[in-house]
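What follows is the residue order along each chain.
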Amino acid sequence: MAVSIEDVEHVAKLARLHLTGEEKETIRRQLSDVLEHARVISEVDTSGVPPTSHALPLVNVYREDEARPSLDPDEVVSNAAWAVEHSFKVPRIL
Amino acid sequence: MSADIPYKDALSIAALIREREISALEATEAFLARIEEVEPRVHAYINLAAERARDSAAGIDRMLQKGQALLQHRYAGVPIAIKDVLSTKGFTTTCGSRILENFVPVYDATAVERVSEAGTVMLGKANMDEFAMGSSTENSYFGPTSNPWDLERVPGGSSGGSAAAVAAGEAPWALGSDTGGSIRQPAALCGIVGMKPTYGLVSRYGLVAFASSLDQVGPMTLNVPDCAALLGVIAGHDPRDSTSIQQPPMDYLGSLSSEVRGMKAGVVRELSSEGIEPGVLDSFKRAVEVLEGLGVSCEEVSLPSFSYGLSAYYLIAPAEASSNLARFDGVRYGFRTDAEVDDIWEMYDRTRAEGFGPEVKRRIMLGTYALSAGYYDAYYAQAQKIRTLIVRDYGRAWESYDVLVSPTSPSVAFRLGEKTADPLSMYLSDICTIPVNLAGIPALSLPCGLSEGLPVGFQVMGPPLAEQKLLDIAYALEQALGFDALPPVASAGEVA
Amino acid sequence: MGFETVIGLEIHAELATESKMFCGCSTDFGGEPNSRTCPVCLGHPGVLPVANREAVASTILLGLALRCAVTPRSVFHRKNYFYPDMPKNFQISQYDVPLTSGGTLSMDMEGYTREVGITRVHLEEDTGKSIHIGESGRIHGADFSLEDFNRAGIPLAEIVTEPDMRSPEEARVFMQLLRATLEYLGISDCKMEEGSLRCDANISVSVDGRPGTKVEIKNMNSFRSLFRALSFEEERQRTELGLGHEVVQETRHWDDAAGVTHPLRSKEEAFDYRYFPEPDLVPIEPDLEWVEELRGRLPELPRARRNRFEAEYGLPGEISAMLTGEKALADYFEEAVASGQDPVALAKWIAGDLVALLNEAVVPIQACPVHPRGLGELVALVAQRIISGKMAKDVLREAFETGKGPERIVREKGLAQIEDEGELEAVVDRVIEENPDAASDMREGKEQALKFLMGRVMKATRGKANPELATSLIRKKLSP
Ligand SMILES: [Mg+2]
Ligand SMILES: [Zn+2]
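Chains as they are written, first to last, in the numbering used here: chain A, 1 to 94; chain B, 1001 to 1496; chain C, 2001 to 2480.
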């Protein structure tokens, strides 16, 4: 499975990663290798086989609807790189 | 006295403290001294918690003096190393990443809470591959860890710091996490015992997620009884984890028995033939003979879907990781780029590019690709179906066998830098451990000998919730093998 | 050209649970920024979600109310995209297996009934809020934004309809009926202005039966703006098509102040949500008993109640629709009916004067100072001719303003009509005596004199004279 530079750029945008030209090429090659190795699985006949997304057959796990104390707002922003009072500040969005 | 404390197993240290032979503070000081001695060569820790450890040890001593130790303080004063992927309230938790270099969590992981309730004293946060992605601990932003058996070699990964700390006498036991072999493979490469419990047996709350459907926290110890003891501390239902199993508490240590006669073990052909180093295979086969000598009937079994395990894993795990790691964006916590940015999108792109290392970026890219439109069915969905086949293969095996066995790692510890340029060759280190995670079953690795002076790991796998059986077999095997070699770093004089 | 408008809606309703969808933080509206957050809803490293049982129950309840089937096994998915109001940069939502699907909502339009298909009702988590700081105060031209995650993680029911509506009016009626349904179920606060009920629309215009291009409209924050935005967009698309232009498939933003939609610029966002099953949550398999218990909890719904009001109380359709459009209003009406007075008269008072007073004072019916029993008194006073209809309006206003009962007001102010013939005759005699010209006009059959004389009688009695009685007395005494 050959991955193109355009694929890499599209995926990098979805994943929000800035890649240098060199990184793009390295990743393109490495992704191709891994996907080539993964090709064996596409040859396996899995018709009628359901997918497993959870290792264990648990169902219906809930918590009861009870409000509990929230964090102290000082703690909320204690790890933020950029905050104004108790709000997180981010660069312009558009 | 205190110079002898490192390399004592955790249960012995617990007994010494309980009998007031030594104080908790003495135990902690002994390990801190040992750390000071070997850490410059081993680099098992990212951040040491020396002061905090002294304070909490002193607190335990005061409690013991007043006779206030409670039943739940089973291991009062026993030091422990915690893999830096577990959230520790008020203490930096980096996951081996630049993006969390200065991150101080506001809450404790459930496993951390439990070891702390048991009275243990955290010595520090152990080194690891960044976000647990790797098999050598070379992917740590804070530099690699060395294997105590050969400082030029890797300790395995991703819980390499935890494994090396225990192997180098820098902690009597440690917590690790295992997504594709990250407890068992470093345990094998460092000559210690490591266990990945059944998915859902130990709460994942506070375990920084790599691949949520595969991750488990588990014990890394000098021997099997310690492993049983530590598992008993961390196992159990947690309402904060929806995937946590409702299970009454088990006394793995109290139930530990080396009576295994009549059990049946299957030797997995797909994991013990092609691609396994001859030295590893020799050691493994000798251990199988020992097992037979204990009255366990061993025969080869083929689990054909296992050949696809690695490929399925390297689609599923990165896919989940790509989503789990999206939260590291520089907004609420963690590193944020210093670059002048035009808008939030550039801030995201730069922060993540500068904050994550190459392996993490590679897996995020791979996982994003596998989930993206047009590829989902061919990659992610197909991998999840392969996973079903692996679960079914195991299910069939449990009809005939109590446990399955294989080498833990296809090779002994490799040289630092040997595989960093070729991700695929690194991924192959997990070939024996991965099927276990895909099926959610428990597995344990214990040392079964040396090959070229380096430890070899023996893996025992069992059906869901068969931890006791695995521990019993491992306990019997451990006693029969009598593996008691110590790494060269154990005696300071031998290390240049 | 034969144009036909095709509209489908996608509605998000915040569920009025005590705690958030996946953590214990309170769902109260507002509050200091980030004062209702915890590691879970802030997406801290290592946290895990645990589903709120009540939120699942509410969503199933809504699905049942909309005649959906409950899915035997549904799962949560992650919807992956970056946006600063999303703590984890993915939203826990549902994808190919929603909790409930395949329902209908019937609505009565003027002269016809419209069945709107409900594609699905699923459960997901809300995002936080961005406040844009800059001269404009809007996202365009903002210098930076502030993120508040108090809303992040509040449970949201998402209702997706089939493209079954044919006009902006139908879309508005649907939204009102859906809001009423949520209100009847008691599962949402339904405040569009606070954002607890939000609506996006897909609208296309087909030409001579050929399907048109779908345009998505966002940012409609009231029933009025929903109607205005869709009307604008309908007209815009018709104009484009009339000119032979293509309608571009896009997302457009409704600018309420300017009264126009404009294309939403999304410079950086790439759309590929990479849905996959949420590994941290287990599947939902509602057992039949639970579903039946929830079905048993279904109250009488707005349309059924409307029909019952018409059949049982003889209410005109329009008034019935109005009263049942808001549960509390309908409840108020039925409480008033318990007074034993004429339901139609009660309904007319509520739909007319009372609602006007409530709107004027911006008071919800739940806080209405006039007790339903008081309204019963008012209707009784009019029916027994103790006060006139005109006086009753003033009494109602006074009752509304002071909280006093109408009987008490009438008593205290001595407003009761003069019904006593002898007493009134004395007044009429005096008026005739004082106004001889008018009296003679009346005798000559000049009807306009009656009005004058009645005015004098009313003035003399400060409006308390029973008008019919006074009129007949004047006629009797001054017959030609
Ligand atoms: Mg939605
Ligand atoms: Zn919360």
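These aren't lab readings, by the way, just hints derived from the structure by calculation. This one's a predicted model, so the numbers in the text were calculated from it and none came from an experiment. Among the hints, a few may not be true.
[Unchecked claim] 27 Å max Cα-Cα, derived DSSO-like pairs, lysine-lysine:
1) C/Lys2218 with A/Lys89
2) C/Lys2451 with C/Lys2393
3) C/Lys2476 with C/Lys2451
4) C/Lys2476 with C/Lys2446
5) A/Lys89 with A/Lys24
6) A/Lys89 with C/Lys2129
7) C/Lys2446 with C/Lys2413
8) C/Lys2451 with C/Lys2464
9) B/Lys1469 with B/Lys1264
10) C/Lys2079 with A/Lys89
11) A/Lys13 with C/Lys2129
12) B/Lys1089 with A/Lys89
13) C/Lys2404 with C/Lys2390
14) C/Lys2129 with C/Lys2218
15) C/Lys2476 with C/Lys2464
16) C/Lys2390 with C/Lys2476
17) C/Lys2079 with A/Lys24
18) C/Lys2218 with C/Lys2191
19) C/Lys2459 with C/Lys2413
20) C/Lys2390 with C/Lys2413
21) B/Lys1285 with B/Lys1089
22) A/Lys13 with C/Lys2413
23) C/Lys2218 with A/Lys13
24) C/Lys2393 with C/Lys2413
Here is what the structure says about each hint:
1. C/Lys2218 with A/Lys89: 25 Å, holds
2. C/Lys2451 with C/Lys2393: 22 Å, holds
3. C/Lys2476 with C/Lys2451: With a Cα-Cα distance of about 15 Å, the restraint between C/Lys2476 and C/Lys2451 holds, given a limit of 27 Å.
4. C/Lys2476 with C/Lys2446: 15 Å, holds
5. A/Lys89 with A/Lys24: The hint is violated at about 31 Å.
6. A/Lys89 with C/Lys2129: 12 Å, holds
7. C/Lys2446 with C/Lys2413: 36 Å, violated
8. C/Lys2451 with C/Lys2464: Holds, at roughly 16 Å.
9. B/Lys1469 with B/Lys1264: 11 Å, holds
10. C/Lys2079 with A/Lys89: 24 Å, holds
11. A/Lys13 with C/Lys2129: Distance of about 24 Å is within 27 Å: holds.
12. B/Lys1089 with A/Lys89: 24 Å, holds
13. C/Lys2404 with C/Lys2390: OK: C/Lys2404 and C/Lys2390 at ~19 Å, within 27 Å.
14. C/Lys2129 with C/Lys2218: Holds, at roughly 16 Å.
15. C/Lys2476 with C/Lys2464: 20 Å, holds
16. C/Lys2390 with C/Lys2476: Between C/Lys2390 and C/Lys2476 the Cα gap is close to 25 Å, so the pair holds against 27 Å.
17. C/Lys2079 with A/Lys24: Since the Cα atoms of C/Lys2079 and A/Lys24 sit roughly 26 Å apart, the hinted pair holds (cutoff 27 Å).
18. C/Lys2218 with C/Lys2191: 17 Å, holds
19. C/Lys2459 with C/Lys2413: 16 Å, holds
20. C/Lys2390 with C/Lys2413: 15 Å, holds
21. B/Lys1285 with B/Lys1089: Distance ~45 Å between B/Lys1285 and B/Lys1089 Cα, so the pair is violated.
22. A/Lys13 with C/Lys2413: Between A/Lys13 and C/Lys2413 the Cα gap is close to 77 Å, so the pair fails against 27 Å, i.e. violated.
23. C/Lys2218 with A/Lys13: Cα-Cα ~25 Å, so holds.
24. C/Lys2393 with C/Lys2413: 15 Å, holds
Hint compliance for this structure: hints 5, 7, 21 and 22 are broken, all remaining hints hold.
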